[in-house]
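Enquirer: So the chains spell out like this:
Number of protein chains: 2
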Amino acid sequence: MWQLYQFPLCPFSRKVRLMLGEKGVGYELVRESPWQRRDEFLHLNPAGQTPVMVQGALALSDSSAICEYFEEVIEKAPMLGGDAAARAEIRRLVAWFDEKFYGEVVAPLMHERMLKRIVHRASPDAKALRDAMRQANAHMDYVDWLLDHRRWLGGPVLSLADLAAAAHISVADYLGGIDWRGHDQTKQWYSGLKSRPSFRPLLAERMEVIGPPAHYDKVDFGE
Amino acid sequence: MWQLYQFPLCPFSRKVRLMLGEKGVGYELVRESPWQRRDEFLHLNPAGQTPVMVQGALALSDSSAICEYFEEVIEKAPMLGGDAAARAEIRRLVAWFDEKFYGEVVAPLMHERMLKRIVHRASPDAKALRDAMRQANAHMDYVDWLLDHRRWLGGPVLSLADLAAAAHISVADYLGGIDWRGHDQTKQWYSGLKSRPSFRPLLAERMEVIGPPAHYDKVDFGE
Ligand SMILES: N[C@@H](CCC(=O)N[C@@H](CS)C(=O)NCC(=O)O)C(=O)O
Ligand SMILES: N[C@@H](CCC(=O)N[C@@H](CS)C(=O)NCC(=O)O)C(=O)O
Chain A
1 MWQLYQFPLC PFSRKVRLML GEKGVGYELV RESPWQRRDE FLHLNPAGQT PVMVQGALAL
61 SDSSAICEYF EEVIEKAPML GGDAAARAEI RRLVAWFDEK FYGEVVAPLM HERMLKRIVH
121 RASPDAKALR DAMRQANAHM DYVDWLLDHR RWLGGPVLSL ADLAAAAHIS VADYLGGIDW
181 RGHDQTKQWY SGLKSRPSFR PLLAERMEVI GPPAHYDKVD FGE
Chain B
1 MWQLYQFPLC PFSRKVRLML GEKGVGYELV RESPWQRRDE FLHLNPAGQT PVMVQGALAL
61 SDSSAICEYF EEVIEKAPML GGDAAARAEI RRLVAWFDEK FYGEVVAPLM HERMLKRIVH
121 RASPDAKALR DAMRQANAHM DYVDWLLDHR RWLGGPVLSL ADLAAAAHIS VADYLGGIDW
181 RGHDQTKQWY SGLKSRPSFR PLLAERMEVI GPPAHYDKVD FGE
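Sequence order for the protein chains is A and B. Just so we're aligned, residue 1 is where the first sequence starts under the UniProt record's numbering, counting upward by one. Just so we're aligned, residue 1 is where the second sequence starts under the UniProt record's numbering, counting upward by one.
Incorrect hints may appear among the rest.
All copies of an identical chain are treated as equivalent in the list; a pair is satisfied when it fits inside any one copy or across any two copies.
Calculated lysine-lysine pairs in the DSBU-like style (CA-CA distance at most 35 angstroms, straight line) [said to hold, decoys possible]:
no. : residue 1 : residue 2
1   : K23       : K127
2   : K187      : K23
3   : K116      : K76
4   : K76       : K127
5   : K127      : K100
In case anyone wonders, no lab produced these hints; they're calculated from the structure.
Can you build the whole structure from these sequences, using the hints too?
Expert: This is how it looks when you write it as structure tokens:
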């Protein structure tokens with residue numbers, strides 16, 4: 001049985017979990033708080049980051065390397081389908097969410113709303129939160145635009161681009177960083193993802209001391 | 001003919017160029033300075049980052065998506081060889097250099113020594129430079145350690161892990177950020193890479209106004 005080292009609000013772990021869920025790969029969760037920099041964890045992944053997946057002597061880290069691994073070994077539910085150009089477009093979008101959406105939206109929200117609370121015991125900075133929410137809005141415009149041109153984010157079929165986007169958006173949404181008004185296409189797409197069996201367990205989990213807004217786990221946003 | 005949008009000190013473009021060189025793919029360089037945020041360039045890559053590769057209507061961006069693309073379409077000189085676990089290890093290391101080495105070493109060096117000079121017209125900050133060099137040294141220890149255990153960084157054969165590492169190290173070296181003393185294994189490995197035909201053209205290029213140290217383009221480090 002695979003073990004996945006993660007914490008409930010790690011977006012990279014969520015991306016991996018959505019992929020494993022779609023492919024039907026079973027795993028056991030191991031709670032890891034990377035900011036504690038445990039020696040045993042650094043031994044598994046010298047980068048000190050979640051997610052890490054372990055089975056026997058094999059320890060895989062970096063969420064993209066992990067996703068490529070399961071795409072190669074499990075044929076079911078391909079998440080990088082199509083020809084080489086289609087795959088390049090999916091990978092470009094995964095990198096977009098993992099780097100830009102994460103760096104501009106999720107990381108500042110996690111810092112202000114989660115790490116300051118549980119590690120630094122400080123209050124969030126209102127300006128940093130406002131900036132992250134403004135960036136989130138610009139990103140949601142881009143997702144709206146993609147969905148005006150394509151059935152799914154990466155092309156005609158569900159792909160890792162959708163899973164990466166949903167993983168990061170879900171963490172930003174949990175942390176109160178997403179204003180859904182005016183993003184109808186994205187909302188409809190996200191509602192479809194929320195109702196998938198791979199997504200349900202993620203939406204049910206809670207991070208200690210921080211609660212999500214009421215609409216967070218509702219497929220219809222509680223409307 | 002492929003066109004590659006880049007500037008001489010972009011490490012991600014260097015990684016792609018090393019890969020194309022090893023695989024024997026021809027391309028034409030197009031000089032792009034992403035900090036100018038040209039509209040036409042943002043149209044090719046909304047992330048506004050180099051490298052971008054263009055051929056006809058196809059525009060590929062994100063260096064990892066580009067490398068995976070050429071690995072898929074050109075069989076010659078596989079750079080992600082081996083079984084799924086071996087490939088995961090190569091991809092983990094590529095991410096290590098693209099994220100950690102870049103973020104801790106290359107990005108601060110580029111900011112202090114290149115962008116401050118050509119964009120902000122400011123002087124480099126001595127403490128930021130010292131920190132980047134200290135981080136570089138820790139990374140070189142890790143490379144030494146890998147080479148104590150393996151023939152090449154990712155395993156028994158040359159792989160994208162070596163190309164990514166050499167790309168980032170070469171930019172840090174150009175910017176005076178690498179102290180080679182005490183890193184004999186890494187030096188020997190890097191000397192071997194420097195002598196490859198894929199690397200020679202990169203070492204011959206110069207970024208306007210900033211020159212590299214004397215040892216930079218010498219296979220034997222001028223010793
Ligand atoms: N490239 C990595 C990034 C993972 C990452 O940044 N994880 C965060 C948690 S969401 C972390 O562990 N941060 C702690 C640190 O960087 O020290 C991946 O895709 O797995
Ligand atoms: N994930 C991208 C990162 C590329 C990147 O950061 N490029 C830098 C130049 S070395 C850049 O264009 N920076 C300008 C910006 O981020 O606005 C890749 O692998 O291609």
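Enquirer: Each hint needs a verdict: does it hold in this structure or not?
Expert: Hint by hint, here is what the structure shows:
In this assembly of identical chains, the alpha carbons of K23 and K127 never lie at most 35 angstroms apart, being 41 angstroms within a copy and 48 angstroms across copies at closest. For the homomeric pair K187 and K23, the shortest alpha-carbon distance inside one copy (24 angstroms) is at most 35 angstroms, but the shortest distance between copies (43 angstroms) is not. Taking the closest pair of Cα atoms, K116 and K76 never come within 35 angstroms of each other, the shortest separation being 41 angstroms inside a single copy and 50 angstroms across copies. For the identical chains of this complex, K76 and K127 are neighbours neither inside a copy (45 angstroms) nor across copies (52 angstroms), given an alpha-carbon limit of 35 angstroms.
With identical chains, the CA atoms of K127 and K100 are at most 35 angstroms apart both within one copy (19 angstroms) and between copies (27 angstroms).
In terms of the numbered hints stated before, the structure departs from hints 1, 3 and 4, listed from lowest to highest.
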